[in-house]
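**Student:** Sequence:
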Amino acid sequence: MSDFITVMRETCPTPIVDATKWKRIGGDPHTVNLNAYLSEDGSKIMGTWICTPGKFEVDYDKWEFCHFLEGYCIITPEGEEPVHLKGGDVFVIEPGMKGTWEVVETVRKYFVFA
1 MSDFITVMRE
11 TCPTPIVDAT
21 KWKRIGGDPH
31 TVNLNAYLSE
41 DGSKIMGTWI
51 CTPGKFEVDY
61 DKWEFCHFLE
71 GYCIITPEGE
81 EPVHLKGGDV
91 FVIEPGMKGT
101 WEVVETVRKY
111 FVFA
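Counting from 1, position 37 in the sequence shown corresponds to residue 37 in my numbering; the numbering is continuous, with no gaps.
None of these hints come from the bench; they were simulated from the model.
Fair warning: this is a prediction, and the values are worked out from it, not measured in the lab.
Do not rely on the hints blindly, as some may be mistaken.
[Stated by the list, open to error] Here are the simulated DSBU-like pairs of lysine-lysine, each with C-alpha atoms no more than 30 Å apart in a straight line:
#1 LYS55 - LYS86
#2 LYS55 - LYS23
#3 LYS98 - LYS55
#4 LYS62 - LYS98
#5 LYS62 - LYS21
#6 LYS62 - LYS44
#7 LYS55 - LYS44
[Said to hold, decoys possible] Quick list of simulated restraints, FRET-style, between CB atoms:
#8 LYS44 - PHE91: 17 to 23 Å
#9 VAL92 - GLY27: 21 to 27 Å
#10 ASP3 - HIS84: 37 to 43 Å
#11 PHE4 - HIS30: 33 to 39 Å
The C-beta atom is built at its ideal place from N, Cα and C for all residues, glycine as well.
Put together the whole structure using the sequences plus the hints.
**Tutor:** Following this line, the structure appears as structure tokens:
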């Protein structure tokens, strides 16, 4: 296998329950992380995130790529209009984004933090 390519079908991530650093501010959301990749220096991570309904206060210090597989959420950056996201949506969140992330219907997404 290549030192430069990691094929995700060969990973066996261990589920990590409720590991989010975000502050819960509404409902009773629970998360499951299936982290399939972590760079040697720890600066990049990729995996699947599942979250039940509820609301978090968020403060991004890294760039995140997301591909929603299912669910519905509303992300509201401070001082801006809410962004409604659903299964099939692909988006990026830039470092420095502060606001709220409300899961309305259980979300399952692929993510990459870098």
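**Student:** Confirm or reject each hint.
**Tutor:** Hint check:
1. With a CA separation close to 16 Å, the supplied pair LYS55 and LYS86 stays within the 30 Å bound.
2. The straight-line distance between the Cα atoms of LYS55 and LYS23 is roughly 9 Å, inside the 30 Å bound, and the hint therefore holds.
3. Only pairs whose Cα atoms come within 30 Å are accepted, and LYS98 paired with LYS55 is accepted, the gap being roughly 13 Å.
4. Pair hint LYS62 plus LYS98 holds up; C-alpha atoms about 12 Å apart against a cutoff of 30 Å.
5. A distance of roughly 13 Å separates the Cα atoms of LYS62 and LYS21; the hinted pair therefore holds under the 30 Å criterion.
6. Distance restraint check for LYS62 and LYS44: the Cα-Cα separation of roughly 9 Å lies within the 30 Å cut-off, and the hinted pair is therefore satisfied.
7. Among the hinted pairs, LYS55 with LYS44 is consistent with the structure: their alpha-carbon atoms are about 25 Å apart, no more than 30 Å.
8. One distance hint, 17 to 23 Å for the beta-carbon pair LYS44 and PHE91, holds here, with the actual separation near 18 Å.
9. Distance hint check for VAL92 and GLY27: the Cβ-Cβ separation is about 26 Å, which falls inside the suggested range of 21 to 27 Å.
10. ASP3 and HIS84 have their C-beta atoms about 41 Å apart, which keeps the hinted 37 to 43 Å range intact.
11. Restraint check, PHE4 to HIS30: a C-beta distance of roughly 36 Å satisfies the suggested window 33 to 39 Å.
Checked against the numbered hints given earlier, this structure breaks none of them.
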